[in-house]
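*Asks:* The chain contents come next:
Number of protein chains: 2
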Amino acid sequence: MTLHADAAHPDLVSVGVPTHWYNLAAELDQPIPPHLHPGTKEPVGPDDLAALFPSGLIAQEVSTEPYIEIPEVVRDIYSMWRPAPLIRARRFEQALNTGAHIYVKYEGVSPVGSHKTNSAVAQAYYNSVDGVRRLTTETGAGQWGSALSFAGAQFGLEVEVWQVRASYESKPYRGHLIRTYGGTVHSSPSNLTESGRAILAAHPDTTGSLGMAVSEAVEVAAANADTRYALGSVLNHVVLHQSVIGLEAVAQLAAVEPDGADVVFGCAGGGSNLAGLAFPFLREKIHGRSNPKVIAAEPAACPSITQGEYRYDHGDVAGLTPLLKMHTLGMDFVPDPIHAGGLRYHGMAPALSHTVELGLVEGIAVGQHDAFSAGVLFARTQGIVPAPESTHAIAAAAAHVADDPNEQVVVIGLSGHGQLDLPAYAEFLDGNF
Amino acid sequence: MTLHADAAHPDLVSVGVPTHWYNLAAELDQPIPPHLHPGTKEPVGPDDLAALFPSGLIAQEVSTEPYIEIPEVVRDIYSMWRPAPLIRARRFEQALNTGAHIYVKYEGVSPVGSHKTNSAVAQAYYNSVDGVRRLTTETGAGQWGSALSFAGAQFGLEVEVWQVRASYESKPYRGHLIRTYGGTVHSSPSNLTESGRAILAAHPDTTGSLGMAVSEAVEVAAANADTRYALGSVLNHVVLHQSVIGLEAVAQLAAVEPDGADVVFGCAGGGSNLAGLAFPFLREKIHGRSNPKVIAAEPAACPSITQGEYRYDHGDVAGLTPLLKMHTLGMDFVPDPIHAGGLRYHGMAPALSHTVELGLVEGIAVGQHDAFSAGVLFARTQGIVPAPESTHAIAAAAAHVADDPNEQVVVIGLSGHGQLDLPAYAEFLDGNF
Chain A
1466 MTLHADAAHP DLVSVGVPTH WYNLAAELDQ PIPPHLHPGT KEPVGPDDLA
1516 ALFPSGLIAQ EVSTEPYIEI PEVVRDIYSM WRPAPLIRAR RFEQALNTGA
1566 HIYVKYEGVS PVGSHKTNSA VAQAYYNSVD GVRRLTTETG AGQWGSALSF
1616 AGAQFGLEVE VWQVRASYES KPYRGHLIRT YGGTVHSSPS NLTESGRAIL
1666 AAHPDTTGSL GMAVSEAVEV AAANADTRYA LGSVLNHVVL HQSVIGLEAV
1716 AQLAAVEPDG ADVVFGCAGG GSNLAGLAFP FLREKIHGRS NPKVIAAEPA
1766 ACPSITQGEY RYDHGDVAGL TPLLKMHTLG MDFVPDPIHA GGLRYHGMAP
1816 ALSHTVELGL VEGIAVGQHD AFSAGVLFAR TQGIVPAPES THAIAAAAAH
1866 VADDPNEQVV VIGLSGHGQL DLPAYAEFLD GNF
Chain B
1466 MTLHADAAHP DLVSVGVPTH WYNLAAELDQ PIPPHLHPGT KEPVGPDDLA
1516 ALFPSGLIAQ EVSTEPYIEI PEVVRDIYSM WRPAPLIRAR RFEQALNTGA
1566 HIYVKYEGVS PVGSHKTNSA VAQAYYNSVD GVRRLTTETG AGQWGSALSF
1616 AGAQFGLEVE VWQVRASYES KPYRGHLIRT YGGTVHSSPS NLTESGRAIL
1666 AAHPDTTGSL GMAVSEAVEV AAANADTRYA LGSVLNHVVL HQSVIGLEAV
1716 AQLAAVEPDG ADVVFGCAGG GSNLAGLAFP FLREKIHGRS NPKVIAAEPA
1766 ACPSITQGEY RYDHGDVAGL TPLLKMHTLG MDFVPDPIHA GGLRYHGMAP
1816 ALSHTVELGL VEGIAVGQHD AFSAGVLFAR TQGIVPAPES THAIAAAAAH
1866 VADDPNEQVV VIGLSGHGQL DLPAYAEFLD GNF
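In order, the protein sequences belong to chains A and B.
Per this note's numbering, the very first residue in the first sequence carries number 1466; after that it's consecutive.
Per this note's numbering, the very first residue in the second sequence carries number 1466; after that it's consecutive.
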């Protein structure tokens, strides 16, 4: 497969690992509002970001090119599990009594079991190019932390992860996974950082939040010249890397459904999973080749699109990050400790928020019980136990098509498997939520 | 791909889901010694087995056909994850400083994360054809129990699993997985059966064994007309079903290595994983198309091939099963509770034992520390965290090729992933073994 750097061509050929990432923003009439410096409130420049990110990622953060070539070594690592399968979920269709053709794009085949590796490998690569020795990051359920730990091992980088306490305590397996890849993991808030100590002093019993964990990781990166910070979602360069999901899915779907997708569902926490899947489908829409609806399924406990405000806000709880124009519940919002730890983020990627404002994407909030009901049905019919995050997209799609004979083509982003989240399934089966 | 029912043809074409299972025994000059009735010591007939197994599986147990067609519905379910990938492990090769070309046949892509689904789906199908309502089985680490639970869900069968206590207590996630698919799981020995109660009375603190769990599951199946028993390894029909692993691997390898494999490594507990991978490679050897060595990597704690006797023995601890001619440590052997729960079985598949006697397969015992060392190296280079069972094959292969410039072609059976075994990795990283 060759993905030409030419947005006028549909790239609907047989599927391999994409050669380029796709940057939807470059094809929109209105640009994404810039990130602002937290002090000056002026748009941040490359120099402002250099303390946190390597040059290659900073360039991608503000790129106006629609296609950016994937470095050979990154593509080589991708090829260890990519292209990820697009699976027709016929048994799930039968159980839903629907005429819809349901396809799941399954990212659980990656080494760590989720889509997070797509950006982790790219970020580790660009950091290694700049001579960085250590990466710090936050993680919720642990998908991102384990992905970065794996990626760091590929490029000889140390990886240090602050994991939200609620997940650190209830899901120890992903901490083990981080360590198996050679990384280290701390419960957040920790007493290793000023941010963490301040939060613990004020709220010693906090269950933690992604915003708190971001503050800790950013603080350590900013204070050490050989250390940079890696963010698992939200930012434009992360959304860019995840576009391999949708690029593959568009091509895979074209081989079996010539008219393309009618509706695309993905779960949205920070937004990169959904944007990665959906933006190549929106490319098809923009270029008039198909007309898909895109639905962002977010948790009812943390509904930034459906309940948040669209305004500038910090990405972390301590206000260390740039101000991002996004749908936000407020930087100090602490959601309930739902099992979908990866969806417990107060904001939504500026790139995705922008497409919501343009009417290209709409949000829907899904309750945890409904999400797991759909997840169990999916497991029993298709075998794959979905990540708790992914169950939100499955539930939204199931509600959309159940008992409807309409032969619409539905694509669901199955962002990862839930084998390390099985205690959550056990609690659901025990009737605890 | 079409796998012709013609042993004279190499089937080295592009890879899809095999259409037939392969039965090596039908191509050997000496037949596998028959199973014997535990009372009469005469070869068992179909009637003797009918209380435990459905007719389709009994026919396969004694089949003399080299190829048996895979039923359409079974093949359809296989296609949800098959063909499983054959991955060139270049980063692992580099770390080993070897000239060998190392390929791993990765069964972890199946819904439950292991090869066990290959036989589980087939067994559930043949039971459903005979009108069976419920299946009972044993499981060690839980790979087989969860596979059968998944398979039961596909055919509307209840599944009841007795899991070896050591694994039930140390690895609760696979019990959750069994329940997620709709099955039920008990710690074995349990007080639900006569066998279990007798063992508990004599050894209340036992860590359990596969032999004990077999006795419990067999007892319940034999006592209930609507219930049959399903065994996850050892028997000829299980070995047959697992041949899809090797059939795919031979064809996949032929596309990149025209001379085929030089050495094939697989872990061996009950033997079906290794036999499933290796027997199609032995077909190539028998027909003079290549000359692979086959190495069975077994745990030093349960070394049935390298330390056991080749004689008739029971498959379970209570003596309820037929007598099987196999390498055995004795039906009452209780291995240490090593993390590779799936390798804690006292005997070895008669079909595999037979090929050992014929000089087609040789055994090697691997210690747990060496196995996990190799597993961690594999995870850090290739991303995939191997199942503890699979680490034994990886360790044996690594020892065989390390620092050797010889460009030999090595195939390793990666029977499953170890994401549900991560506490074992944590213990290893903590230096506990």
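Hint data in this document are derived by calculation from the structure and do not stem from the laboratory.
Honestly, I wouldn't trust all of these hints.
If you only want the chain A side, here are some residues facing chain B, beta carbon under 7 Å, derived [to be verified]:
| id | residue |
| --- | --- |
| 1 | Pro1531 |
| 2 | Pro1576 |
| 3 | Arg1644 |
| 4 | Gly1848 |
The structure displayed is predicted, hence computed values, not measured ones.
Where is the CB? At the ideal position from N, CA and C, for every residue including glycine.
*Asks:* Each of the hints needs a verdict: does it hold here or not?
*Replies:* Here is how each hint holds up against the structure:
1. Pro1531: violated (30 Å)
2. Pro1576: Holds: closest Cβ of chain B sits about 3 Å from A:Pro1576, inside 7 Å.
3. Arg1644: holds (5 Å)
4. Gly1848: Result: holds, 3 Å to nearest chain B Cβ.
Consistency with the previously given hints fails for number 1 only.
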